[in-house]
Amino acid sequence: NAGVTQTPKFQVLKTGQSMTLQCAQDMNHNSMYWYRQDPGMGLRLIYYSASEGTTDKGEVPNGYNVSRLNKREFSLRLESAAPSQTSVYFCASRTESGSPLHFGNGTRLTVT
Amino acid sequence: KNQVEQSPQSLIILEGKNCTLQCNYTVSPFSNLRWYKQDTGRGPVSLTIMTFSENTKSNGRYTATLDADTKQSSLHITASQLSDSASYICVVDYAGNNRKLIWGLGTSLAVNP
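Quick mapping for you: the protein sequence lines, in order, are chains D and G.
Number 64 in my numbering belongs to position 64 of the first sequence; there are no gaps in the numbering.
Just so we're on the same page, my numbering is the position in the second sequence counted from 1, plus 1000.
Please note that a few of the clues may not be correct.
Short derived list, chain G residues pointing at chain D, Cβ under 7 Å [said to hold, decoys possible]:
{"id": "1", "residue": "C1019"}
{"id": "2", "residue": "G1043"}
{"id": "3", "residue": "P1044"}
{"id": "4", "residue": "S1046"}
{"id": "5", "residue": "M1050"}
{"id": "6", "residue": "R1061"}
{"id": "7", "residue": "G1104"}
Don't read these hints as lab results, they were simulated from the structure.
We put the CB at the ideal spot given by N, CA and C, even for glycine.
Based on the provided sequences and hints, a complete structural model is requested.
Shown next, in the form of C-alpha cells:
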C-alpha cells in the first residue's frame, strides 16, 4: 500500500520550459489536492479536485493547470515555468472534507 | 484576518524530556483544528484532528488540547525520542464561505541525545 506517490522527486527547469508533476493515490480517496511549500510561508493550495471529474482553483492557481485523469491520478502542469515557481510541491488526498489529508513526499522544483 | 500563529519558532530539547508547542488562531468560524508532523524532506503526516467541542485528543506520546474560547491549542510531547525531531504544523479548518485549511508556519523541534 503505497499511499500517495509523486513523480519526479526532483526537477530543474529553465524559465519558459513546461513540465507535468504526477500524483497517484491507492487509497480510493475522493478528493485530491496540490500544495506548494515555500520557506517562511504556510502550505498554500494551488488546485484541488473534490471528486473525479471536478477541479477548482485554490489560493495560488496562476501559472498552473491540473487534470484529474481518473479517481487515482491528479496531475499539475506548469506551461511556462518562472523562477517564482521554485518550490516544493505536495500532492495530498482524503476521503472527505474533515478527514485527515494524506500527503506524498513532494517534488522539489527549481526554475532557473 | 484569519491567521494561525505558532510558538516557539524552534525548540531544542534533550531526549526523554517533555515539551509543549503552542498554536493561537484567529480563524472564525472554524470546523476543526489539526496537528501535522513533517519530517525533513517528507510530506506532513496527520497527528490529531479536534472539533470545537473536543478539549483533548491523544495519539501515543502526542496529546493535543484545544480551548475554543481563547482560540488556543497546544501539542504536548511526552518522553521525547530522536525520531520526534521534525516540524509540527497547526492547521485550522475555516468553516466560512470558501471553506479552506489555514496552515501555520510550524515549530521546528530538534531532539538531541
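Hints versus structure:
For C1019 (chain G), the interface hint is violated, since its Cβ never comes within 7 Å of a Cβ in chain D; the closest pair sits about 22 Å apart. Annotation: G1043 (chain G) was flagged as interfacial toward chain D, and the flag holds, the nearest CB pair being 3 Å apart, inside 7 Å. With a cut of 7 Å, the hint placing P1044 (chain G) at the interface with chain D holds, because the nearest CB-to-CB distance is about 5 Å. At its closest, the beta carbon of S1046 (chain G) sits 4 Å from a beta carbon of chain D; the interface hint therefore holds under the 7 Å criterion.
Hint on M1050 (chain G) is violated. Least Cβ distance to chain D is approximately 11 Å, over the 7 Å limit. Because the beta carbon of R1061 (chain G) sits about 18 Å from the nearest beta carbon in chain D, more than 7 Å, this interface hint is broken. Because the smallest distance between the Cβ of G1104 (chain G) and any Cβ of chain D comes to about 6 Å, under 7 Å, the interface hint for this residue holds.
In this structure, the earlier hints numbered 1, 5, 6 are contradicted, and the remaining ones agree with it.
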